[in-house]
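Q: Here is what each chain is made of, one letter per residue.
Number of protein chains: 2
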Amino acid sequence: MNKTGKYEFIAEPFHCDFSGRMFLGHLGNQMLNAADFHSTDRGFGMKYLMGIQRSWVLSRLAIEMVEMPEQYEHYSVETWVESAMKFFTQRNFCVLGSDGRVYGYGRSVWAMIDTATRQPTDIFAIDNGAINQWIVDDKLCPIERGGRVKMSDKSEFVGEMEIHYNDIDINGHVNSVKYIEHVLDLWDIAWYREHRLKRFEIAYVAESHQGDKIRFFREQTVDNECCVRLAKTELGSEKEVEVCRCRLVFS
Amino acid sequence: MNKTGKYEFIAEPFHCDFSGRMFLGHLGNQMLNAADFHSTDRGFGMKYLMGIQRSWVLSRLAIEMVEMPEQYEHYSVETWVESAMKFFTQRNFCVLGSDGRVYGYGRSVWAMIDTATRQPTDIFAIDNGAINQWIVDDKLCPIERGGRVKMSDKSEFVGEMEIHYNDIDINGHVNSVKYIEHVLDLWDIAWYREHRLKRFEIAYVAESHQGDKIRFFREQTVDNECCVRLAKTELGSEKEVEVCRCRLVFS
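Heads up: the sequence lines are chains A and B, in that order.
Its first residue numbered 1, the first sequence is counted upward by one per residue in the working numbering.
Its first residue numbered 1, the second sequence is counted upward by one per residue in the working numbering.
Since the hints were derived computationally from the structure, they do not count as laboratory data.
Glycine included, each C-beta is placed from N, C-alpha and C at the ideal position.
Keep in mind that a hint or two might mislead.
[Stated by the list, open to error] Label-pair restraints from in silico Cβ distances: (1) A:Gln133 with B:Glu194: 41 to 49 Å; (2) A:Arg196 with B:Met85: 42 to 50 Å; (3) A:Gly97 with B:Gln119: 32 to 40 Å.
[Said to hold, decoys possible] Far from chain B, by Cβ distances over 12 Å, these chain A residues were calculated: (4) Arg21; (5) Met31; (6) Ser59; (7) Gln90; (8) Thr117; (9) Ile135; (10) Ile168; (11) Glu225; (12) Glu240.
Given these sequences and hints, build the entire structure.
A: If you want it as structure tokens, here you go:
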């Protein structure tokens, strides 16, 4: 089996935005699906891990696109493991058009947790460090790693939402991509008509669950660049707990 | 070319809910995608229609499921045109597991509009009534047609939401399936743990756009059955205009 996995998708018309290009959230979902197909085929997918009380947890995701697939287009997502350490693994993505043209890249960082304690566990404990045999350290992923998202205390409160049934995935908490969608919803169509989202990065801090409320705080850091901090409040409490931070670069 | 189209999909893990079964909204999207693949292959798809200032508009959709595809499962959606009249066409769906087992059915009613005037136009005007050669009138779709959703004036206001970027599709208005998702979000996970959604039907009345607010009014009509009316208010106005009505049957 090849170390790099490649998965074909179609930009289905009802997964495209007003401009006929795929929603970034949907592309992010397909990256996560590709990651799971890749790891399932190689013996360390989510379904297998669930049976041994383990789960992958996405810690960071950065997506940088030159162009988004257009409706009806066949595209593929390549994914490979760039490196693995005891508590973190780096997985990269490349999005290709049917003609082989590169549309963009993704970088992600994953931890593995014990689903009972929710604490990080040793990735190498799975099948005697089997993940090491799948590492590809010579394949190019020419986008910046996602770093810490620096924000000042000047960020502005821009909205609040409740978490609902459709936000929650099989892990019982808010799906990683749903945060991306809710953050993108802070801008309106008039903005997206004039600006192309070049890069989106997100760093996850805590999980949120049904019943929590999410507050959004936004700050323009430099021209064409914004950061957004998401904080949850649990039912019956006003205490804010940071859930994730995002950085968006428009062009 | 076969009159009935059959399209293969995978129940991707990140399109599944807390229980590991596909979200109904995602299945609805795949039905619409199947409908568009089917009509595109036969010369009357959305992309072609756009070029001649026409578009399909979904008027009614009913989905009745015995079971939902489980994560990783390969399933397929069959779709065919049951009948066509001057202003409406009926299109049916059958959802099948990879072993051929029937998971459920869908029924839909579509109109064709002139995209400039937004008025209904003659379906038979497209390529000399070409749709007539694709009609399948002897294939079973053993679920009730979607009818008028009857509600009294006793429905209760249960929430309001703003329309955002991710709600809007290529047609420039709220995607038909997004209403379904927002309606399903009126119930929480505790409810879905105890109840299976057996049937969902929706009748569309008016389009809504970014900037509109949607109000939800709910009424329990009989045991295990609820109806929901969605009404929009446009920016700067308090006038309510009905957008759609839904009927949900749980078991």
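Q: Does each hint hold? Answer for all of them.
A: Quick rundown of the hints versus the structure:
Between Gln133 (chain A) and Glu194 (chain B) the C-beta distance comes to about 45 Å, which sits within the given range of 41 to 49 Å. Our hint of 42 to 50 Å for Arg196 (chain A) and Met85 (chain B) holds, since their Cβ atoms are close to 43 Å apart. A beta carbon spacing of about 38 Å between Gly97 (chain A) and Gln119 (chain B) agrees with the range 32 to 40 Å that was offered as a hint. The claim that Arg21 (chain A) is not at the interface with chain B is violated, since a C-beta of that chain comes within 12 Å of its own (minimum 9 Å).
Not every beta carbon of chain B lies more than 12 Å from that of Met31 (chain A), the smallest distance being close to 9 Å; the non-interface claim is violated. Under the 12 Å C-beta cut-off, the non-interface status given to Ser59 (chain A) relative to chain B holds; the minimum distance is some 16 Å. Residue placement check: Gln90 (chain A) keeps its beta carbon more than 12 Å from all beta carbons of chain B (closest about 20 Å). The non-interface label for Thr117 (chain A) is consistent with chain B: the shortest C-beta to C-beta separation is roughly 20 Å, beyond 12 Å.
Distance check on Ile135 (chain A): its Cβ is at least 23 Å (rounded) from any Cβ of chain B, clearing the 12 Å threshold; non-interface status holds. Its beta-carbon lying about 5 Å from the closest one in chain B, Ile168 (chain A) breaks the requirement of being farther than 12 Å from that chain. No Cβ of chain B approaches the Cβ of Glu225 (chain A) within 12 Å, the least distance being about 19 Å, so the stated non-interface status holds. Here Glu240 (chain A) stays apart from chain B, with its beta-carbon at least about 22 Å from theirs, past the 12 Å limit.
Comparing the model with each numbered hint stated earlier shows that hints 4, 5, 10 do not hold.
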